[in-house]
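A.B. asks: Chain by chain, the residues run as shown.
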Amino acid sequence: MKPPLKKLSDLGMDLFNWFDDRLHVKKIWDSTAGHHVPQSAGSWFYVFGSATLLCFMMQLVTGIMLALVYVPSADEAYATLEYLTYHQQLGWFLRAVHYWGSNFMVGIMLLHMTQVYLFGAYKYPREITWISGLILLVLTLGLAFTGQVMRFDEDAYWGLGIGAAIMGRVPFIGQQLVDFMLGGQIIASETLSRFFALHVFVLPGSVIAIVSLHLRMVLSKGINEYPVPGMVVRRQTYDKEYAAIIKKEGVPFFPKAIDKDIIAAAIVIGGIVTCACVFGPKGPSGPPDPLQINASPAPDFWFLWIYSIAALMPEQIETVALLGGPAVIGLILVALPFFNGTGEKSWRRRPVAVLIVLLTWIALGMLTYLGATSPWSPVMNAWSAQSTLDAQILHRSPLQLQGAVVLQYKQCRNCHSIDGLGGERGPDLSDVSMRLTRPQLTRQVVQGGGNMPAYGQNLSPSEVEALVDYMATLVPAGVPPARDFTLQKKGKN
Amino acid sequence: MNHENENTKPCNESKPCACSAAPAPEKSTRREFMLKIGFGLNAIAGAAVGIPLLGYALSSFFKGHEIAWVSLGPVDKFPEGKTRLGHFKNPVHRSWDGSTAEIPCWVRRISGDQFQVFAINCAHLGCPVRWFEQSKLFMCPCHGGAYYENGDHAAGPPPRGLFTYEFKVQDGQLLILAGALPTLAQPNA
Chain D
1 MKPPLKKLSD LGMDLFNWFD DRLHVKKIWD STAGHHVPQS AGSWFYVFGS
51 ATLLCFMMQL VTGIMLALVY VPSADEAYAT LEYLTYHQQL GWFLRAVHYW
101 GSNFMVGIML LHMTQVYLFG AYKYPREITW ISGLILLVLT LGLAFTGQVM
151 RFDEDAYWGL GIGAAIMGRV PFIGQQLVDF MLGGQIIASE TLSRFFALHV
201 FVLPGSVIAI VSLHLRMVLS KGINEYPVPG MVVRRQTYDK EYAAIIKKEG
251 VPFFPKAIDK DIIAAAIVIG GIVTCACVFG PKGPSGPPDP LQINASPAPD
301 FWFLWIYSIA ALMPEQIETV ALLGGPAVIG LILVALPFFN GTGEKSWRRR
351 PVAVLIVLLT WIALGMLTYL GATSPWSPVM NAWSAQSTLD AQILHRSPLQ
401 LQGAVVLQYK QCRNCHSIDG LGGERGPDLS DVSMRLTRPQ LTRQVVQGGG
451 NMPAYGQNLS PSEVEALVDY MATLVPAGVP PARDFTLQKK GKN
Chain A
1 MNHENENTKP CNESKPCACS AAPAPEKSTR REFMLKIGFG LNAIAGAAVG
51 IPLLGYALSS FFKGHEIAWV SLGPVDKFPE GKTRLGHFKN PVHRSWDGST
101 AEIPCWVRRI SGDQFQVFAI NCAHLGCPVR WFEQSKLFMC PCHGGAYYEN
151 GDHAAGPPPR GLFTYEFKVQ DGQLLILAGA LPTLAQPNA
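For the record, the sequence lines run as chains D and A.
For the first sequence, position 110 matches number 110 in this note's numbering, and the numbering has no gaps at all.
For the second sequence, position 52 matches number 52 in this note's numbering, and the numbering has no gaps at all.
There's no promise every hint is true.
With beta-carbon atoms standing in for the labels, derived distance ranges [as the list claims (entries may be wrong)]: (1) Leu53/A <-> Ala79/D: 48 to 54 Å; (2) Ile51/A <-> Leu215/D: 32 to 38 Å; (3) Pro314/D <-> Leu177/A: 53 to 59 Å; (4) Pro74/A <-> Val61/D: 30 to 36 Å; (5) Ala45/A <-> His24/D: 33 to 39 Å; (6) Trp44/D <-> Arg31/A: 33 to 39 Å; (7) Leu41/A <-> Ile64/D: 45 to 51 Å; (8) Leu41/A <-> Leu215/D: 43 to 49 Å; (9) Pro52/A <-> Val334/D: 47 to 53 Å.
The hints are simulated quantities; they were obtained by calculation from the structure and are not laboratory data.
Cβ atoms here follow ideal geometry from the backbone N, Cα and C, with glycine treated the same way.
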């Protein structure tokens with residue numbers, strides 16, 4: 001008689017075989033998880049794709065959990081967000097994991113894209129893998145943007161206003177697009193409802209569909225082999241070469257090449273949970289009440305670079321760049337595997353590719369930094385909240401002190417700081433008289449220019465006199481004030 | 001599907017074989033006819049569902065704006081020579097709009113019945129502009145756009161002055177023509 005344990009395992013096998021006979025689980029498993037990949041693909045550089053997918057799964061689960069409580073109504077969304085954050089058991093944690101999960105997802109997806117580009121994985125025969133990845137990029141950014149709207153606070157409200165303003169710049173059908181985006185004539189309940197539908201149905205469903213295609217391509221065309229300098233892709237020979245690599249050093253993805261993906265998965269989940277616990281959920285900030293006009297809306301981290309571009313772009317090209325820029329970039333990316341589908345894969349032999357990646361990341365990084373600090377935004381309360389240092393008022397005449405009051409009271413400091421205190425839109429005034437003479441100061445104040453409003457209408461002549469008299473004292477110790485050399489020459493003659 | 005599979009099976013002796021013989025022309029024609037009918041019926045069915053569906057989803061493309069005269073309150077609320085924040089309930093709104101149905105605007109009473117009513121939205125990208133009484137400027141917190149007291153562009157990236165509402169004074173009330181978010185595509189909400 002067999003021992004009971006053996007009997008049990010036999011029973012288990014029988015049961016498995018019964019199901020397998022009907023469902024063909026083993027066959028499906030072997031052809032997917034067990035598909036052969038080049039041994040060289042079991043690299044740390046190859047973990048970003050699976051890590052992005054993992055983030056998406058986490059977003060699905062936490063998103064469903066949040067939807068159990070959240071109400072997508074303009075009237076009630078904010079109250080349910082507050083309830084989720086402060087009253088619902090562990091609601092804050094789920095909101096935080098969902099928020100940080102989205103940040104991680106976008107970040108890791110960009111790393112994945114960078115790696116794919118640097119390793120030439122978009123080249124023949126993986127064009128569709130690349131293009132489906134581009135669609136996933138758009139869908140993921142769409143999820144991130146619509147998710148920001150789900151956090152229906154003042155930032156979301158005015159963020160929608162920004163979206164509508166960009167739509168309103170489209171020629172001919174701008175108004176129709178604005179109405180289509182808002183689901184009505186103003187930012188209100190139907191706007192939130194349609195962004196909700198996008199965020200929980202349309203976009204995640206599309207991601208599942210396109211991820212399926214993306215993975216299907218990975219199975220049918222194989223994962224990119226680790227590129228070796230000198231190994232050149234040719235349309236005529238590549239398929240044979242890849243088959244030879246698989247034959248020579250192919251290993252089943254599971255269990256031979258998945259180890260690093262699994263470790264990366266744990267690191268990503270650990271990172272998301274750590275950020276969630278340390279930093280918590282984002283917002284909600286003030287309620288979505290349009291009458292609370294003291295809002296200073298700024299987008300979430302991954303959209304800060306766009307916010308910067310909108311501030312820094314020359315006005316004349318703004319509409320063209322806002323509307324045409326994404327289209328041109330999209331077109332280049334889609335066309336990439338067709339005009340650059342063969343040749344060297346290794347980044348060691350593709351200096352231009354390396355340069356493009358570096359420049360893109362540096363530009364995005366700098367624009368993001370600028371977006372986070374937004375030096376172009378006036379500091380709205382600097383005039384009433386910012387103190388004046390002793391050194392800026394000591395030993396001044398009564399007229400100059402009057403000028404200091406004018407400078408404070410007329411909101412000059414919203415845009416101009418003095419010794420670094422105040423707005424940064426205009427130049428710091430602590431050394432202004434080193435750069436401008438009295439007549440120049442007067443002209444600048446009265447007529448404005450160079451992105452400064454003209455104050456001629458808003459200041460009395462005596463106020464201008466006092467202000468200029470005060471600003472003439474703003475010069476670092478030991479430095480002579482600015483002089484007009486044309487006048488000097490005249491004097492000599 | 002099943003029929004085709006049977007037809008393509010290799011012959012076996014027990015049954016008279018149909019596969020090796022050429023398919024009867026009438027039969028094939030009937031099947032093709034049925035297929036065409038099937039496609040045709042489904043095209044009609046698809047249109048019956050699809051056209052209303054598109055009409056529902058894209059209704060904003062076919063519908064004009066509803067705008068109406070709304071009151072900002074008695075004229076006396078707005079002192080002469082001053083600019084004050086006004087607000088109104090949007091003429092088109094739903095009962096579940098909550099606070100989003102209340103729209104703010106800047107009201108400048110020049111003198112008597114002479115007004116200027118500005119939209120709250122910056123002409124650059126729609127952020128809420130704030131009025132600074134002391135320097136007589138509207139400033140935008142987003143990208144630093146600035147406007148003069150009369151709504152003209154003063155500095156920064158906005159491509160034009162502030163959007164304005166049409167106004168009239170009736171029975172001591174200040175009315176404006178409003179109802180839609182003003183954008184560059186339709187500046188006069």
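A.B. asks: If a hint holds in the structure, say so; if it does not, say that too.
C.D. replies: Verification of the supplied hints:
At roughly 33 Å, the beta carbons of Leu53/A and Ala79/D sit outside the given window of 48 to 54 Å. Between Ile51/A and Leu215/D the CB atoms are about 35 Å apart, so this pair conforms to the stated range of 32 to 38 Å. About 34 Å separates the C-beta atoms of Pro314/D and Leu177/A, a value inconsistent with the hinted range of 53 to 59 Å. About 55 Å separates the C-beta atoms of Pro74/A and Val61/D, a value inconsistent with the hinted range of 30 to 36 Å.
One distance hint, 33 to 39 Å for the beta-carbon pair Ala45/A and His24/D, holds here, with the actual separation near 34 Å. Checking the proposed 33 to 39 Å range against Trp44/D and Arg31/A shows it is violated: the Cβ atoms sit about 57 Å from each other. Here the CB-CB span from Leu41/A to Ile64/D is close to 38 Å, at odds with the stated 45 to 51 Å. Evaluation of the 43 to 49 Å hint for Leu41/A and Leu215/D yields a failure: the beta carbon distance comes to about 36 Å.
For the pair Pro52/A and Val334/D, the beta carbons lie near 33 Å from each other, so the given range of 47 to 53 Å is not met.
Of the hints listed earlier, those the structure fails to meet are numbers 1, 3, 4, 6, 7, 8, 9, in rising order.
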